[in-house]
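Engineer: Model the full assembly from the supplied sequences, consistent with the hints where possible.
Heads up, the sequence shown is in the numbering used here, so the first residue is 1 and it goes up one at a time.
Treat the hints with care, as some may be off.
[To be verified] Below are the SDA-like pairs computed for lysine to any residue, each with C-alpha atoms no more than 20 Å apart in a straight line: (1) Lys55 - Ala66; (2) Lys112 - Glu137; (3) Lys68 - Arg58.
[Claimed, not checked] Listed next, with one range per pair, are the computed distances between beta-carbon atoms: (4) Glu137 - Arg31: 50 to 58 Å; (5) Ala12 - Leu43: 39 to 47 Å; (6) Glu51 - Glu110: 54 to 62 Å; (7) Arg65 - Arg116: 54 to 62 Å; (8) Leu30 - Ala56: 37 to 45 Å; (9) Glu110 - Leu64: 40 to 48 Å; (10) Glu77 - Glu137: 36 to 44 Å; (11) Val29 - Ser8: 28 to 36 Å; (12) Glu51 - Lys75: 33 to 41 Å; (13) Gln117 - Ala66: 58 to 66 Å; (14) Arg48 - Asn145: 37 to 45 Å; (15) Leu22 - Gln49: 36 to 44 Å; (16) Gly27 - Ser7: 28 to 36 Å.
Derived by calculation from the structure, the hints in this document are not laboratory data. Each residue gets a CB set at the ideal place from its N, CA and C atoms; glycine is no exception.
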Amino acid sequence: MLITKESSARLAAERKNTTDDLAGTVGSVLRELNSVRNETKRLLEHRRQLEVYLKALRTELESLRAEKVELLTFKAENAQGSTAELEVDLVARARAAARNVAEENRRAHEEKQAERQARTRRTDPMVELKARSEGDEDAFAAFLNADIDHDKSREWFMSHRH
Numbered sequence: 001m002l003i004t005k006e007s008s009a010r011l012a013a014e015r016k017n018t019t020d021d022l023a024g025t026v027g028s029v030l031r032e033l034n035s036v037r038n039e040t041k042r043l044l045e046h047r048r049q050l051e052v053y054l055k056a057l058r059t060e061l062e063s064l065r066a067e068k069v070e071l072l073t074f075k076a077e078n079a080q081g082s083t084a085e086l087e088v089d090l091v092a093r094a095r096a097a098a099r100n101v102a103e104e105n106r107r108a109h110e111e112k113q114a115e116r117q118a119r120t121r122r123t124d125p126m127v128e129l130k131a132r133s134e135g136d137e138d139a140f141a142a143f144l145n146a147d148i149d150h151d152k153s154r155e156w157f158m159s160h161r162h
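Structural biologist: Set out below in structure tokens:
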């Protein structure tokens with residue numbers, strides 16, 4: 001086989017086409033590998049986060065189990081009635097605090113409203129709505145504070161038992 005200029009040029013063109021095709025394929029494979037590597041890193045990080053979350057959940061579960069055992073022990077040591085009365089009293093105290101705050105807010109609102117009506121004989125519905133919502137927020141805050149007091153009382157009670 002004789003190598004002529006034409007055959008040499010044709011062979012060079014075929015080599016170039018083959019090299020270009022191979023370079024395109026290699027580039028495509030490298031991009032795919034890079035995306036797989038990035039996805040693998042993301043999944044590994046997600047797995048680590050889930051493992052940390054699972055560990056925290058297990059710790060919380062163990063503490064809840066320990067608290068349950070303490071409560072069952074406490075319940076067995078004490079009479080049933082005294083524990084129920086304590087819980088009822090704490091709930092009743094929280095409800096009473098919320099009612100007291102709501103009553104105080106209602107009285108304060110009525111006083112403000114009477115002052116406003118004395119100044120201007122017109123009432124603005126938006127002002128009334130705002131005052132009512134403030135009273136509701138105060139009552140809710142009192143309820144939450146009573147709940148916090150209940151938690152503190154429970155902690156104190158649990159720490160001072162025999």
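Engineer: A separate judgement is required for each hint: does it hold in the structure or not?
Structural biologist: Hint check results:
no., hint, result
1, Lys55 - Ala66, "16 Å, holds"
2, Lys112 - Glu137, "17 Å, holds"
3, Lys68 - Arg58, "15 Å, holds"
4, Glu137 - Arg31: 50 to 58 Å, "56 Å, holds"
5, Ala12 - Leu43: 39 to 47 Å, "46 Å, holds"
6, Glu51 - Glu110: 54 to 62 Å, "58 Å, holds"
7, Arg65 - Arg116: 54 to 62 Å, "57 Å, holds"
8, Leu30 - Ala56: 37 to 45 Å, "39 Å, holds"
9, Glu110 - Leu64: 40 to 48 Å, "46 Å, holds"
10, Glu77 - Glu137: 36 to 44 Å, "41 Å, holds"
11, Val29 - Ser8: 28 to 36 Å, "31 Å, holds"
12, Glu51 - Lys75: 33 to 41 Å, "36 Å, holds"
13, Gln117 - Ala66: 58 to 66 Å, "59 Å, holds"
14, Arg48 - Asn145: 37 to 45 Å, "39 Å, holds"
15, Leu22 - Gln49: 36 to 44 Å, "41 Å, holds"
16, Gly27 - Ser7: 28 to 36 Å, "30 Å, holds"
In terms of the numbered hints stated before, the structure departs from none.
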